[in-house]
Every structure is written in structure tokens, then in C-alpha cells.
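These protein sequence lines map, in sequence, to chains Z and F. According to this note's numbering, the first sequence is numbered sequentially starting from 3. According to this note's numbering, the second sequence is numbered sequentially starting from 21.
Quick caveat, the hints were computed from the structure, so don't treat them as lab data. Among the hints, a few may not be true.
[What the hints assert, rightly or not] Not everything, but these chain F residues come out facing chain Z in the computed CB check (under 10 Å):
id, residue
1, Tyr30
2, Glu67
3, Val111
4, Arg112
Model, not experiment: these values are computed from the prediction. From the three backbone atoms N, C-alpha and C, an ideal C-beta is built for every residue, glycine too.
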Amino acid sequence: MFGRRRDRDRRSAQHIAQHAAADPRERDRASYSKRGRRLPGEQAVPSYTPSIAARSIDGHLLRTGQEVYAWYRLAPQRWSFRSDSQRQDLIAAIAGQYAELQGRWMHLRVTTRPYPIRMWAEAHVHNAVKRLPDTPGTLSFDDYMVGEQQQLMGRSMAEKEVYLGVQVQTRNMMDRAVERAAPVLRKVFPDAVDAELVALDSEVEHLDQVIGSAGLEGRPATAEEMSWLMHRSCSLGLPAPRNLPAVPGAAWEPEDLASFTDAADFHQEPYSPTVTVRGRTGSNAGIKRHVAVLTVGLMHGLQIPEVDDPWVQRADRLPASVEWSARIYVRKPEEVSGELSRQMSKVRSQVRHYTDEHELDPPQSLARQAGRVLEIDDEMTSGFTALGTRVRSWWRLAVSGPTEREALRLAQSLLELYKPKIAIEHPEAQYAIAREFIPGEPLSNGAYLRRGSVLWAASAVPTATAEVGDRRGILLGETVTATRRPVAWDPWMAQELRDASGLTAMVAGLGAGKSFLGGGMVYKTLRAGAHWTLLDPSGPLSALCDLPELRPYARPINLLNAQPGILNPYRVVAEPMIEHFLDEEDPERAWRREKALAAATRRRLVLDVLTGLLPFEVARLPQTRIVLLRAVRTVGGRFDAHPGLVFEALRRDASEHHEHAVVVADFLDEMRERMSLLIPEENHDPYNEVRDDRLTVLTMAGLNLPKDGVGREHWTDAESLGVEMLNLAAWLTQRSIYEKPKDQRKGVWIDEAFFLSEVPTGRVLMNRFARDSRKWNVRVLLSSQIPADFLRIQGFVALLDSVFVGRLDDDQAQADALRLLKVPVGAGYEQVIASLGRRPGGERTATERDRAPRQFVFGDGAGGVERIRIDFSGPHLEHLRNALDTTPDAKRGNGSGELVKTDDHAAPQPPAYVPDEIDDELAADMELGLTEDEAHLVGHGDGTNRHRDGAA
Amino acid sequence: MRVRTDDEVYRVDAVWLGPPKATFPWRARYVAWGVGIVVFLVVLTIERQMGVGFGFFSTAWALVATIILTRFITQRISHERPLTAVMSMWVRELTAPRERTASAGGAASAARIRVSPQRPRPKLSKKQRARQQAQPRRTSASRKKEVRGVRTPARP
Chain Z
3 MFGRRRDRDR RSAQHIAQHA AADPRERDRA SYSKRGRRLP GEQAVPSYTP
53 SIAARSIDGH LLRTGQEVYA WYRLAPQRWS FRSDSQRQDL IAAIAGQYAE
103 LQGRWMHLRV TTRPYPIRMW AEAHVHNAVK RLPDTPGTLS FDDYMVGEQQ
153 QLMGRSMAEK EVYLGVQVQT RNMMDRAVER AAPVLRKVFP DAVDAELVAL
203 DSEVEHLDQV IGSAGLEGRP ATAEEMSWLM HRSCSLGLPA PRNLPAVPGA
253 AWEPEDLASF TDAADFHQEP YSPTVTVRGR TGSNAGIKRH VAVLTVGLMH
303 GLQIPEVDDP WVQRADRLPA SVEWSARIYV RKPEEVSGEL SRQMSKVRSQ
353 VRHYTDEHEL DPPQSLARQA GRVLEIDDEM TSGFTALGTR VRSWWRLAVS
403 GPTEREALRL AQSLLELYKP KIAIEHPEAQ YAIAREFIPG EPLSNGAYLR
453 RGSVLWAASA VPTATAEVGD RRGILLGETV TATRRPVAWD PWMAQELRDA
503 SGLTAMVAGL GAGKSFLGGG MVYKTLRAGA HWTLLDPSGP LSALCDLPEL
553 RPYARPINLL NAQPGILNPY RVVAEPMIEH FLDEEDPERA WRREKALAAA
603 TRRRLVLDVL TGLLPFEVAR LPQTRIVLLR AVRTVGGRFD AHPGLVFEAL
653 RRDASEHHEH AVVVADFLDE MRERMSLLIP EENHDPYNEV RDDRLTVLTM
703 AGLNLPKDGV GREHWTDAES LGVEMLNLAA WLTQRSIYEK PKDQRKGVWI
753 DEAFFLSEVP TGRVLMNRFA RDSRKWNVRV LLSSQIPADF LRIQGFVALL
803 DSVFVGRLDD DQAQADALRL LKVPVGAGYE QVIASLGRRP GGERTATERD
853 RAPRQFVFGD GAGGVERIRI DFSGPHLEHL RNALDTTPDA KRGNGSGELV
903 KTDDHAAPQP PAYVPDEIDD ELAADMELGL TEDEAHLVGH GDGTNRHRDG
953 AA
Chain F
21 MRVRTDDEVY RVDAVWLGPP KATFPWRARY VAWGVGIVVF LVVLTIERQM
71 GVGFGFFSTA WALVATIILT RFITQRISHE RPLTAVMSMW VRELTAPRER
121 TASAGGAASA ARIRVSPQRP RPKLSKKQRA RQQAQPRRTS ASRKKEVRGV
171 RTPARP
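Let the hints inform the model, and build the full structure from the sequences given.
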């Protein structure tokens with residue numbers, strides 16, 4: 003009693019509070035005679051029934067009135083550059099998964115998520131931190147970005163997405179009744195509402211497991227993915243919506259599905275070849291697309307994977323995106339065998355009808371059909387695997403265009419694409435078939451039914467992709483295998499995101515476009531804010547420094563003309579700085595350890611270089627090593643030492659090998675003039691000045707290097723000096739990374755990196771690169787003409803992140819290149835390497851230069867391996883192309899312009915060492931290599947001769 | 021690995037050549053016979069409806085019409101497109117939504133809505149009216165008191 007009264011009081015109090023501020027006339031309502039009448043409540047809200055079959059979406063479960071489907075997102079599978087057996091295994095694994103789904107319907111949907119070039123540009127600009135300031139009067143960064151986008155106008159890095167819906171269960175009357183009564187039941191008996199899905203739990207778990215195993219590698223679709231799939235299906239053929247409605251945290255109720263169905267509507271004229279889809283909301287409002295829906299017709303036998311592509315993947319070759327929708331029913335064996343026997347008796351009775359009743363010859367096809375029935379029966383009953391399981395399936399494709407003509411043209415090119423082996427049909431009832439693409443919709447009709455084994459269905463491999471690179475890096479070109487999509491690559495993504503090393507190998511034969519690719523990469527990343535140091539022994543890359551927009555930030559250095567001591571082996575190893583170790587646990591200790599390591603590296607390097615400079619016969623003697631080692635140890639590993647101190651230490655050697663030490667010292671002293679780059683002049687250390695350049699190109703034009711395949715023992719002095727200098731130059735290049743902040747994006751490119759396998763310290767350098775490239779955010783680019791050079795360095799392949807392989811003609815080189823790419827050898831891919839880009843002798847009499855874009859096989863280190871075409875075309879990069887054109891052409895220009903340019907950048911060089919006459923002579927000696935003895939006799943007495951005798 | 025479909029097995033052309041030992045000069049599938057019989061009956065029915073009497077010539081013409089119609093229908097069906105599928109596609113073509121060219125509705129008009137400035141009030145009883153008359157006097161008096169000093173706007 004009290005309770006009630008109090009309650010009433012409170013209510014009236016509330017009432018007063020509510021109406022206190024209201025219009026005084028409102029108060030009159032209290033005396034209105036019909037005040038007791040009930041207002042329409044929830045019951046009066048008109049109920050909403052979606053125009054599609056789907057009724058609700060809970061997680062990855064989609065419920066229609068009759069069925070429950072579980073939707074999965076399938077993982078993309080690499081197809082190119084895998085061996086046939088790997089591909090067969092993949093197909094068999096998928097077939098096995100299909101076979102486990104006996105008695106169920108599946109709905110396979112292939113759609114695309116576009117990634118237009120403008121989105122790449124946005125990502126690229128965001129990624130270009132601390133980019134190169136624009137130089138007035140040259141190509142600015144903005145113009146460069148505009149040019150890049152114009153070059154790929156309208157192209158897209160669309161990503162294919164494959165979804166698979168699997169029927170979990172059909173729903174019964176009870177389930178539907180419970181769903182209908184859900185609003186009431188939720189208050190009275192909340193458990194009953196969820197009972198249906200709870201009961202399915204183990205079933206769904208089983209499906210998750212089947213689809214998730216190797217092969218399809220599907221994972222339950224997320225709410226966002228379900229929303230995307232529904233959107234793409236309900237507005238089939240329309241451009242992707244720029245922004246999707248927010249994904250709810252809870253289940254989609256029938257009313258929520260309106261957000262999908264209202265986005266577009268479909269209509270068609272009777273027997274028109276396309277269905278028109280009209281966008282109504284969002285970014286697609288008012289946009290109309292004509293969608294041509296096709297279906298897969300009769301199919302010949304296909305040789306997958308040996309000859310033919312997976313047949314769904316083939317559609318990726320079309321320049322427009324193709325949507326797929328396949329309904330697959332996996333049949334139970336008993337069902338099939340009954341049908342087969344019926345079919346067999348049909349054939350028999352026909353044969354009897356022809357022969358017995360009419361005395362005619364039966365058509366050949368009947369005998370063939372009887373044979374095929376027996377074959378299928380055999381496939382199904384033999385073996386323990388379920389790969390003989392049969393499916394019934396309907397495969398539909400949709401292409402769209404802004405006009406009916408455009409859509410039909412695409413449909414026609416799809417027909418052509420599949421032509422000889424697979425018939426693509428264009429059925430009527432376009433609207434009905436277009437609706438099949440929407441998850442949950444029933445099959446519109448049974449025409450164009452394709453029957454086959456699960457193996458046949460699996461060989462469609464819709465998940466096969468041809469993706470390589472990333473979506474924020476510099477544009478390299480486009481893929482040229484199954485699809486044509488732009489390839490972008492961010493050389494620092496591996497270190498910054500994937501925790502991988504920054505080592506890249508670039509292998510290609512002469513004229514295969516190594517310097518073009520590398521130069522383009524350097525140019526584009528410089529624009530995006532990277533710092534590069536290039537070691538280019540032959541020198542054409544110094545042309546990069548002449549590009550007007552780079553010139554203020556670039557410095558070419560010809561090491562052979564540089565100051566004495568620039569290649570001092572004690573200085574090319576950087577001295578660790580304590581501020582780089584502040585993030586370590588014990589900075590002091592780490593720094594000391596690193597210092598000790600640097601000192602050891604210096605000693606090792608000096609020993610290595612000096613041994614390399616000695617004649618091979620002397621260097622091989624054990625005493626030589628002993629005395630050198632001792633001398634090097636005496637000098638220590640300080641950064642301010644130089645090889646001259648080692649010579650002195652050798653002369654002071656007081657051990658039992660004293661005589662030999664003096665001999666070695668004499669030998670080395672003899673070379674001293676030629677080693678001027680290694681030994682600094684008194685009080686004139688070139689490392690005292692520090693410059694901050696974004697691009698440093700170290701060239702060694704005129705260096706004498708041994709030819710390929712000539713053994714170490716046959717090298718001339720000049721050649722071994724050349725190799726050692728190159729080695730030191732590589733160390734110098736490497737040193738540059740320690741002079742810049744740790745997080746800054748840095749790049750190092752060492753051309754002609756073959757010497758790394760020739761000198762013992764090459765491996766030490768490689769290890770340093772591999773270890774520090776991630777920590778110091780460096781991309782190390784090593785290029786060579788012979789892949790075996792890299793393979794000879796132990797453990798190199800394991801350290802490698804990405805690989806570019808250009809055309810190689812030698813069989814062994816091709817196999818080695820495949821090893822670098824981690825691609826099966828002997829599976830026929832050698833041919834691919836041989837056919838990349840142009841081939842010499844293709845047109846022997848051609849007088850025109852081959853200007854076709856060069857092709858490379860690119861392994862991006864993240865699992866993608868693809869054949870790409872390097873494309874730095876576009877008018878905005880013309881000056882870059884001209885600068886990188888290393889092919890000699892006597893007719894080019896008149897030479898004067900070139901001369902002026904070289905003079906130009908000779909001026910800002912660091913105080914150059916002025917070579918005197920003797921050096922010129924020496925340089926000439928070194929060029930010739932063989933005449934050195936005579937030259938020395940004239941120039942410096944008979945020292946060399948004596949030593950030669952001694953060595954002999 | 022050679023993969024192929026099982027479609028060939030299901031493409032058996034079941035034909036009826038005629039009664040034993042009496043081979044017809046044409047070969048027709050069972051489907052064609054079935055369709056032919058139905059069409060023939062339909063044609064005969066239509067003839068009756070049109071008032072054509074049953075006779076030799078009318079039946080002969082019906083037969084000719086049946087053959088033409090049956091050929092027309094069977095040309096459109098095949099193993100790929102069975103009769104039922106073709107029929108259902110035909111129905112789907114007819115029932116597909118069309119583009120709406122005529123606009124529905126038009127300019128919104130409120131002409132048919134009755135508008136009155138005041139809502140009807142309940143009639144007051146004598147007692148209430150008396151109270152209401154008394155009230156304003158009191159309120160106006162009290163208000164005059166409360167807002168004393170504020171100039172009242174001049175009445176026109």
C-alpha cells in the first residue's frame with residue numbers, strides 16, 4: 003500500500019517537474035476528456051523486412067530465413083615462382099578441405115579492395131620524412147609527385163579479396179519463431195534468443211578448423227570485412243565507397259541491413275544484356291554502372307599447374323576488376339554413385355535402342371561417356387583420400403562499366419581471355435544472376451551447372467595472387483605476369499616494420515639495366531628524404547650529382563684523385579660514439595665492447611689489406627703472416643694509426659723472423675707510393691673535416707680490376723691493389739652510415755660487389771651490414787654481374803632481405819640467381835631469367851638501340867616474388883633517364899656540354915690531391931699492369947727487381 | 021595434372037528413334053517429344069477456343085504449328101540450359117525491377133490540410149468562467165505591483 007502510494011507521489015512529482023517549464027496551455031490537457039487514451043507505442047512502428055534474403059549477421063555468421071552461413075576470409079597464395087609440386091600440393095590441400103565439407107553449400111566470393119594511385123601518393127608523401135628541400139627552378143617535390151601519379155593515371159593497386167561462405171545448418175521453424183519473438187523473449191527468457199547460435203558452436207568451431215588449415219587458410223571474417231563484402235555485393239559494380247558506415251559492435255539486426263541494400267538499386271529492361279546498378283547514398287549517390295554478368299560454360303581438360311593458370315586467377319589479367327560468385331555444393335558419395343549408375347543405364351539403353359531396335363551404329367559419344375562414367379566411379383572408390391568427391395557448382399563473373407557498351411566490351415575481352423579452353427556464356431536474366439553475388443541469396447536458376455571433382459574446383463585457386471612490394475614506397479614499375487599492377491617498394495619498411503635486415507642483392511648481366519634500376523631507386527628515395535652513399539668503381543653514377551635538383555646536396559668524389567689517407571684502413575672503420583649507445587642497458591660497457599670490436603676490425607682489415615698487397619707467393623708463407631700479425635698488433639687498433647706505422651713495426655721486429663719481417667717491410671715500402679691513398683700525409687688527415695651531404699658518390703674510374711674467373715695467384719700487383727682499394731672503399735662507404743643519426747633513412751649502394759667474396763674481410767663487412775642495417779636503418783644495395791659471387795659468402799642468402807635479378811645468359815648464373823631468390827631450381831624458371839628484357843642477338847642487324855623497359859624478377863623479402871618491368875617513364879623523369887643512360891653513343895650531343903659539367907663539379911670537391919708527374923707515371927703503370935718492372939727500373943731504381951728475385 | 025569437369029557424362033543425348041524396326045526419318049530427343057505433345061494439346065485447345073472445328077485439315081495445321089513451335093522451343097534449350105532453367109529465366113526477366121521513369125508524387129502540397137489558427141477549446145462551465153474572470157484581475161493587479169517603475173508600452 004505504502005509503496006504504491008509513494009510511487010504515485012513520486013510520479014506526480016516528476017510530472018510536475020517535467021511540465022513546470024511548459025506552456026501554461028499544456029496544463030489544460032489534464033481536463034481533456036480523452037486523456038486516458040493510449041498513445042501508439044512500439045507496436046505501431048512499421049516492421050522492416052530487408053529486400054535481400056539475409057536477416058542478421060552475428061560475427062562471421064550470416065543468417066537468412068532458411069540457413070546459417072559462416073563466412074571466412076581466405077589468405078592470398080603466392081603462385082608465380084613456385085615449383086609445380088608446391089602448386090599441386092596447394093591444390094590438393096584445398097581439394098581436401100572442400101571434400102570435408104560434404105553435404106554443404108559453399109558460396110565463394112572474389113571481390114577487390116581498390117587502392118587508387120592517389121592513396122599511394124598520400125601514403126608516400128606521409129612516409130617521405132625530412133625530404134629533400136626543393137631547389138628553385140628545378141623539378142619540385144610536388145611536381146614530381148604529380149608526374150608520378152600522371153604516369154600511372156587511373157591505375158590501381160587493387161587488392162583481391164576472397165571470401166568463402168560455408169553453410170552451417172538449415173534453420174527450422176523453431177529458430178525462425180524464436181527470432182521473430184526476440185524482442186519479447188529477450189526480456190522474459192534471454193537465453194532462448196541466443197540458443198540457436200549457441201547450439202551451432204561446436205559445428206562452427208569444426209568449420210573454423212577445416213577452413214583454417216593449410217590450403218585455404220581462411221579465418222573468420224571480421225565485422226568490418228562482412229560489411230565490406232555486403233557493400234560490394236549489394237552495390238555490385240559500383241566504385242568502392244569512400245567511407246563505409248561505422249561497423250557496429252553488436253550483431254546486425256534486419257533493420258541494420260538497410261544500410262547495405264539502400265546504397266544502390268538494380269534494374270533492367272527485359273532481355274537487356276546488362277543490369278543497371280544505381281548508387282543512392284554516400285560517395286556513389288547518382289552514379290550509374292552497367293554490370294554484365296557472365297557464367298562459366300563448358301570447359302576442356304586443363305593442365306594445371308604445368309600449362310594453364312588456375313582458371314579463376316586468369317581473370318586477373320583483365321585491366322578491370324572482375325567479381326566472382328560461385329555456388330558450390332559438395333555432394334555425398336552415395337548420391338553421386340546413384341546418379342552415375344542411372345547415367346550408365348541411360349547410355350546402355352541408348353546403345354541398345356540404336357543397335358538392337360533399329361540396327362544402327364550408336365554415336366561415338368555414347369562409348370566415350372560410358373568410359374568416363376567408369377573412370378569417375380573408379381576415382382571415387384579408389385584411394386583413401388577424398389579427392390574423388392564430386393561437386394555441383396555455378397560460377398558467375400561480373401564486370402562493370404559506366405556505359406553498357408563499355409561493360410559489354412569488357413565482357414567480350416573476358417570471353418577472349420578464356421577462349422580456347424573455357425567457354426564464358428552471357429546468359430539472360432541478368433538481374434536475377436546479379437543478385438546471386440549477395441551473400442545469403444539463393445541460386446537464381448540451375449542453368450550452366452558445372453560438375454566435377456573437388457580437385458577440379460580447387461584448381462580454380464581464386465586466392466592466387468601476383469603481389470609484390472608495398473603501398474607506400476617509391477614506384478618501380480609494374481608486374482608483368484598474371485596481372486598488371488604498379489609495384490611500389492619502400493626500402494626502409496623491412497627495417498622499420500618487419501625487423502628484417504636491409505640487405506638487397508641486385509644481379510644482372512651487362513646491359514640488363516642494373517645501374518638504371520639502382521640509379522632510379524636512389525633518385526626517388528633521395529627525393530623522399532633518404533641519404534645515400536654510392537660506391538661506383540666505374541663512375542657513371544656520378545651523373546646523378548649533376549641533376550639540378552640534387553646538385554646542392556650531392557658530392558661526387560673520385561677516390562683515385564682524393565687526398566692521401568682517405569682509404570686509411572684505420573680510418574675507414576668508424577669509431578663508435580658513446581651517444582649511440584645510450585639506449586643500451588649499460589651504455590659505457592656496450593660502448594667499450596664496440597670500441598674493442600672496432601679496433602679488432604681495424605687490425606684485421608690492415609692485416610688483410612697488407613697481405614693482399616704482397617705478391618701471392620710471399621703472402622702464402624706462414625712467416626709472413628706471423629710477422630705481419632705481430633707488427634699489426636704492435637701498432638694496435640687506434641683510429642689515428644696508419645699502415646706506415648706497421649712498416650716501421652715490421653723493421654723493428656726482434657723475433658727469430660726478423661729477416662723475413664724486413665723483407666716484407668721492403669716489399670710493402672716499395673708499394674708505398676702507390677698506396678698513398680692509404681697513408682695520410684703528416685698532420686693532414688682528410689677525416690678532420692665533416693660534411694653533411696645527402697648523396698655521396700665515390701667513384702674509382704680507372705681502377706685496375708682482375709677479370710672474372712682469374713685466380714688469386716694470377717693477379718698482377720695493380721690488380722690486387724685495385725681489389726684492396728675497392729675493399730677499403732667499401733669500408734669507407736659503410737663508415738658513412740655511422741656518421742648520421744641512427745633513425746635517419748640511409749642507403750649504401752656498392753656496385754661491382756664481387757670483391758666481397760675475394761677478400762677475407764668481405765664477410766666481416768657483410769656481417770656488419772647485416773647486423774647494423776636494421777639497427778641503423780640502412781638499405782644496403784649490392785650489385786654484381788655474377789650471382790655466384792654472393793653465394794660464395796657463407797650465410798649470405800640467409801641474411802638477404804630482397805633481391806632483384808635481371809637477365810642472365812649463363813645457365814649456372816641463372817640457377818644461382820634462383821637460389822638467391824629462394825625459388826626452386828630446375829623447375830623451368832631458368833628460362834624466365836634468360837628471357838627478362840632484351841636478348842643479345844635477337845636482331846643482329848638492328849641498328850636501333852633496344853629501348854624496351856628492362857625486366858627484373860623482384861623478391862621483396864616479405865614472400866612476394868614477381869616479374870616486374872622497370873618503368874621510370876613519364877616526362878617528369880626525362881632528365882633522370884638521360885643521366886642514367888650508360889650506353890655509349892658517339893652521336894650524342896657534341897660533347898662540350900658534358901665537359902662543362904664535369905668541370906663544374908670538379909670545383910666544389912674537397913681540396914684535391916694534386917697528382918705529380920711520378921703519380922701519373924704510376925697510374926700509367928697500373929693501367930698496363932705488366933710493364934711495371936721496366937717502369938720502376940727507370941723511375942725508382944732496381945728495388946722492385948730485387949724483391950721479385952727474393953720472392954722467387 | 022589434368023583436371024576436367026564431369027559434364028560430358030551428363031550430356032547423353034537420349035533420343036527416341038521410333039518404334040522398333042520402324043525408324044523415323046528424324047531424330048528427336050525425349051524432351052522434344054514431351055514438349056511436342058504438350059504444345060500439340062495447347063494448340064488444339066486454342067483452335068477449339070477460336071471456334072475451329074475438329075477435322076482433318078485443322079488437325080494437320082495444328083500438327084504443323086506444333087512442329088514449328090517445338091523446334092523453336094527446343095532450339096533454345098540444351099544440356100547447359102534445361103527447359104526448367106530457361107523457363108525460370110524467362111520468368112525472372114519478366115519480374116525483374118524496371119527503371120522508374122515516371123516520378124512518383126510531385127511537388128508537395130498542403131492544400132488539402134485544414135489549417136485553423138486556434139485549436140478548439142473545451143467549453144467552460146459557469147463556475148470556471150467566473151473563476152477565470154476573477155483571476156486575471158488579480159494577476160494584473162499583482163503584476164502592477166511587482167513591476168512598478170517600468171514604463172508600460174503605449175497602447176495604440
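Each hint tested on the structure:
no.	hint	verdict
1	Tyr30	6 Å, holds
2	Glu67	29 Å, violated
3	Val111	9 Å, holds
4	Arg112	4 Å, holds
Hint 2 from the list above is the single one not met by this structure.
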